[in-house]
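Chains A and B, in that order, are what the protein sequence lines are. Here the working numbering runs 14 ahead of the position in the first sequence, where the first position is 1. Here the working numbering runs 354 ahead of the position in the second sequence, where the first position is 1.
Hints were generated in silico from the structure; no laboratory data involved. Do not rely on the hints blindly, as some may be mistaken.
Stated by the list, open to error - Covered, in the sense of this in silico footprint (three residues per stretch, anywhere, with C-beta under 8 angstroms from a C-beta of chain B), are these stretches of chain A:
(1) 122 to 132
(2) 289 to 300
Unchecked claim - When the alpha-carbon atoms are kept at most 27 angstroms apart in a straight line, the in silico DSSO-like pairs for lysine-lysine are as follows:
(3) A:K183 x A:K64
(4) A:K86 x A:K64
(5) A:K147 x B:K370
(6) A:K110 x A:K147
(7) B:K462 x B:K452
(8) A:K311 x B:K370
(9) A:K342 x A:K86
(10) A:K226 x A:K311
(11) A:K64 x A:K242
(12) B:K470 x A:K102
(13) B:K470 x A:K183
(14) A:K183 x B:K452
(15) A:K183 x A:K110
(16) A:K281 x A:K343
(17) A:K183 x A:K242
(18) A:K183 x A:K147
(19) A:K102 x A:K183
(20) A:K64 x B:K452
Beta carbons are placed, not taken as given, at the ideal position from N, Cα and C, and that holds for glycine.
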Amino acid sequence: MTIAFEHRQSAHCENGVISNLLNHHGVRISEPMAFGIGSGLFFVYLPFLKINFAPGFSYRPMPGRILRRLGKRLGIRVRHQRFSSPQKAQAVLDEKLRQGIPVGLQVGVYHLTYFPDEYRFHFNAHNLVVYGKESGEYLISDPVMDRTTRLTERELDRVRFAKGALPPKGHLYYLERLPDRFDLERAIREGIHQTCRDMLAPVPIVGVRAMKWVARDIRRWPRRLGAKTANHYLGQLVRMQEEIGTGGGGFRFIYAAFLQEAAAILKRPALMERSREMTAIGDAWREFALDISRIYKNRKSGPDVYEGLSDRLLDLAERERRFFLRLKKDL
Amino acid sequence: MNRNEVPQDEGSLSRKNMHELCYAVDDQGRYTTVQSSGWEAKTLALNESLELIEERVAAAAQAVRDGRVSPIAYYMELNRMDVSLLAGYVGMHRWLVKRHFDPKRFRKLKDSVLQKYAEVFDISVNQLTDPFSPTDA
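Next up, chain A with everything else stripped away, as it sits in the complex:
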């Protein structure tokens, strides 16, 4: 069986799945809109948690948060299910497909056969949509892919029951009920408010304060850990920022696109100005990534290099701090 499902490529998997599922039910919410209302812009630094032998950095909130917040703010009821047995997980998925409901899945990336080898890490919070089953193969709309793909029962079972941090446990979800009308303006305002709150949070591991902490640590890494480890940590920062899904510049460009849409809906020209500023900030993040990559390219890593990177990140943090203070006032 095949459900007529429109596959639209997106930058980020979670927004993309939400946007495509809503689109399937006739609700046009763009990827940036889903991202903005779900307060997807974020920064968190987890220095004590090691992921791939480097500290944890993330430019987005915990997986699943965007969907949950968007659902709450727009009054959409999403049904989530997790399973202890793969057989049960498959049975429920098949049943939903028979009912003509496209289903969102949380999966692990490592065993996704259609991904390039370089992208296959043990990361368990990827999202995709299953929109049918043909001769034992599932029809997959993975929002970060150009085109739809297929996975066999065994392949899908494997990614649905990937192990490690944030195990999906067969996690599936689908839209259960849509409200008659949305209060889009209010949802946008709530989304922006939360992002301002997150980014300006008075805790050291979140938002601009976390960025400043990373900036201070960049100065210390080469002395304390040696150049090799310091460079690996910096690489992690770039990978998280520019990985598939970020839309470039650590989601800053997606957010700028959201602000542009929000300006029109809320009729606030000031948000157009904020969008331009956010674009410039995204560009600065990319410059930062470029500077880090030069360390690998030129094999050059004197102390002045790290000082320079630290200064750049401090500057970025300060720019974002002032930006979110202004954005807060605009609402």
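Based on these hints, arrange chain B on the given structure of chain A.
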């Protein structure tokens, strides 16, 4: 980022004829999406991480040849895992998996246990017990 500044570098994506979507502005400053084939800066950062993995794999392979650890440790690195992740996949406790790194204990493992590891690593039991034999390469 202007739409004509979206990087189109050669990389792992372009080799598979894949693209990722980027958000960029057009000449009027309106946001639009552009497909990118990759960006050198990111590829360099990815390669750095892959080199590190290769080093770890090579070190583990040497340790297996020297008889210091069992092939399980080598395959763990090859699959980009760590002990807790591997323990999760085989459904055993971490300390048990660590014990299986001991070559002496590894040789005494039951077939059913070996089979479990082989399945997780997607290899045969023969490949697991004899990782560097040319016939399996």
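Evaluation of the provided hints:
no., hint, in the structure
1, 122 to 132, "holds (count 4)"
2, 289 to 300, "holds (count 6)"
3, A:K183 x A:K64, "holds, 22 angstroms"
4, A:K86 x A:K64, "violated, 32 angstroms"
5, A:K147 x B:K370, "holds, 25 angstroms"
6, A:K110 x A:K147, "holds, 11 angstroms"
7, B:K462 x B:K452, "holds, 15 angstroms"
8, A:K311 x B:K370, "holds, 24 angstroms"
9, A:K342 x A:K86, "holds, 21 angstroms"
10, A:K226 x A:K311, "holds, 26 angstroms"
11, A:K64 x A:K242, "holds, 16 angstroms"
12, B:K470 x A:K102, "holds, 22 angstroms"
13, B:K470 x A:K183, "holds, 19 angstroms"
14, A:K183 x B:K452, "holds, 25 angstroms"
15, A:K183 x A:K110, "holds, 18 angstroms"
16, A:K281 x A:K343, "holds, 15 angstroms"
17, A:K183 x A:K242, "violated, 36 angstroms"
18, A:K183 x A:K147, "holds, 21 angstroms"
19, A:K102 x A:K183, "holds, 11 angstroms"
20, A:K64 x B:K452, "holds, 19 angstroms"
Checked against the numbered hints given earlier, the structure breaks hints 4, 17 and satisfies all the rest.
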